[in-house]
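*Asks:* Dock chain A against the given chain R, drawing on the hints supplied.
Those sequence lines, one after another, are chains R and A. First residue of the first sequence: 1, per the UniProt record's numbering; consecutive thereafter. First residue of the second sequence: 1, per the UniProt record's numbering; consecutive thereafter.
Among the hints, erroneous ones may be present.
What the hints assert, rightly or not - According to the in silico footprint, chain R covers these stretches of chain A (three or more CB under 8 Å from chain R):
{"id": "1", "region": "53 to 65"}
{"id": "2", "region": "126 to 132"}
Claimed, not checked - Using C-beta positions, here's what the derived DEER-type ranges look like:
{"id": "3", "chain 1": "A", "residue 1": "Thr268", "chain 2": "R", "residue 2": "Ser37", "range": "39 to 45 Å"}
{"id": "4", "chain 1": "A", "residue 1": "Val364", "chain 2": "R", "residue 2": "Leu38", "range": "49 to 55 Å"}
{"id": "5", "chain 1": "R", "residue 1": "Asp22", "chain 2": "A", "residue 2": "Pro129", "range": "23 to 29 Å"}
{"id": "6", "chain 1": "A", "residue 1": "His265", "chain 2": "R", "residue 2": "Asp22", "range": "36 to 42 Å"}
{"id": "7", "chain 1": "A", "residue 1": "Ser95", "chain 2": "R", "residue 2": "Ser37", "range": "24 to 30 Å"}
The hints are simulated quantities; they were obtained by calculation from the structure and are not laboratory data. Remember, predicted model here, so these are calculated numbers, not experimental data. Virtual Cβ for every residue (Gly too), placed ideally from N, Cα, C.
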Amino acid sequence: MSSSMHDSVAEVMANRFGMDRDIVVADATFDDLGLDSLSQIELATALTKQLGVELDDDEMAELSTVGEIVALLESKGAVAR
Amino acid sequence: MSGFPALVTGAGLVTPAGVGVKANWDTVLAGRPTAAHLPELDGLPVTMACQVPDFSPRELGHGSWQWDRFTQFAVVAAREALEQAGLTPGGWADSSRVAVIIGSGAGGTATLEAQHRILLEEGPSSVSPLTLPMGLVNMAAGQVAIDISANGPCLAPCTACAAGASALGIGRELLRQGVVDVVVAGGAEAPITPLYVSSFARMRALSRRSDDPATASRPFDAGRDGFVLGEGAGVLVLETEEHAAARGARPLARLTGYGASSDAHHVTSPHPEGRGAELAMRAALDDAGLTPGDVDYVNAHGTSTPLNDVTEAGVVSRLLGDGVAVSSTKGVTGHPLGAAGAVEAAYCVLAIRDGLIPPTAGLVDPDPRIAVDLVRGTARTGPVRAALSNSFGFGGQNATLVFTA
Chain R
1 MSSSMHDSVA EVMANRFGMD RDIVVADATF DDLGLDSLSQ IELATALTKQ LGVELDDDEM
61 AELSTVGEIV ALLESKGAVA R
Chain A
1 MSGFPALVTG AGLVTPAGVG VKANWDTVLA GRPTAAHLPE LDGLPVTMAC QVPDFSPREL
61 GHGSWQWDRF TQFAVVAARE ALEQAGLTPG GWADSSRVAV IIGSGAGGTA TLEAQHRILL
121 EEGPSSVSPL TLPMGLVNMA AGQVAIDISA NGPCLAPCTA CAAGASALGI GRELLRQGVV
181 DVVVAGGAEA PITPLYVSSF ARMRALSRRS DDPATASRPF DAGRDGFVLG EGAGVLVLET
241 EEHAAARGAR PLARLTGYGA SSDAHHVTSP HPEGRGAELA MRAALDDAGL TPGDVDYVNA
301 HGTSTPLNDV TEAGVVSRLL GDGVAVSSTK GVTGHPLGAA GAVEAAYCVL AIRDGLIPPT
361 AGLVDPDPRI AVDLVRGTAR TGPVRAALSN SFGFGGQNAT LVFTA
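Bound-form chain R, shown alone:
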């Protein structure tokens, strides 16, 4: 079952990056999604704007899957929108 936070992340990826929502699953890695290191920074910026929590470049560098992003956002108290 996907969480509402997962849906918010998937929505950012779909809207900002034109990704097919079907491929944005919890265990999809950045490699699977074609996100190189620069694109991961871009993603962090987009998520920060959309969800109102700061995600810095170093934190992103520790992550490798969509599920880990969702978990980090939830731990920061981000509210899905």
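*Replies:* What follows is chain A alone, placed relative to chain R:
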């Protein structure tokens, strides 16, 4: 004596006349104008342009959002050209013998304009880290090289509206010098942006017929008042005779002549007697080993600006005589700037292949100062032994290509 032949074994086109060579050729032969009002330009001095129809970057794969639109066009055109040539991306015997040369004038200007707005409105920490990987002028060439796994020289001529022609001419030189066996070359442009439209409009280079876009681009017409901005990409696969023969590939046509020159006169106005244009055309004919009577078709730069068309036609008359058939496909496509030379090179290749000369859309009342045989109305049938394509860029940078059967 004939010039060194670079065999054209594949072509790819993404233009306002369509996505793909076939769609392009149908539209261009029918002489259907593509200029239309674009709501996103409302509020600018000119609100029309020629836009690529039905273009879906998502088909490129889920990384395509990391490419500016001009790069997306280039990758689509390059893939089509390779497929037509029967070459498999990554299937090279020696990938270091494959060059990629994609010219552009504006590069990723849409990306740069958008990020500059973000810099001013939201501050530096909001600027995308992909700004330069998307925005740099050489990124179409870079991404095409990645996409097709080509490890040879990778270049991006930046000769404004001659960039696509420069790319093909330089590509042929690399083949002639024995540096590579295959060249994937062309031009790409996506300049329908607020800054480019405003800048060209302020120069009074654009047609003001926004209320009647279908008649706005009218090369060689007495009532022409400027060009209509276009976009797109054209890519050709060039090969040495040996490389093509070894794999049994048949050429569509041959690139046998290239001439380049500079007006050294003014950054935007052509030399009044077209001195630079004449130098480029003469050099290309000499390089091809042709005499003026050998040329059956000239695909003119023909932008539909008051100055270019009369100056260019004068040079063609002087050099090739008044009997040569001349048309400008910009009546259909508008002016895709740095892509134009490569797009129009592809149309010359198709003219030779099919024995068909496309008409000049929008041309109803020819400028009385122009003496050459202007093809208008409908396409003309007849063998095309040699076709010459002109491209003249801001900066006074000129390139002429000669294709033969």
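*Asks:* Now tell me, hint by hint, if it's right for this structure.
*Replies:* Verification of the hints:
no., hint, in the structure
1, 53 to 65, "holds (count 7)"
2, 126 to 132, "holds (count 4)"
3, Thr268/A with Ser37/R: 39 to 45 Å, "holds, 41 Å"
4, Val364/A with Leu38/R: 49 to 55 Å, "holds, 51 Å"
5, Asp22/R with Pro129/A: 23 to 29 Å, "holds, 27 Å"
6, His265/A with Asp22/R: 36 to 42 Å, "violated, 57 Å"
7, Ser95/A with Ser37/R: 24 to 30 Å, "holds, 25 Å"
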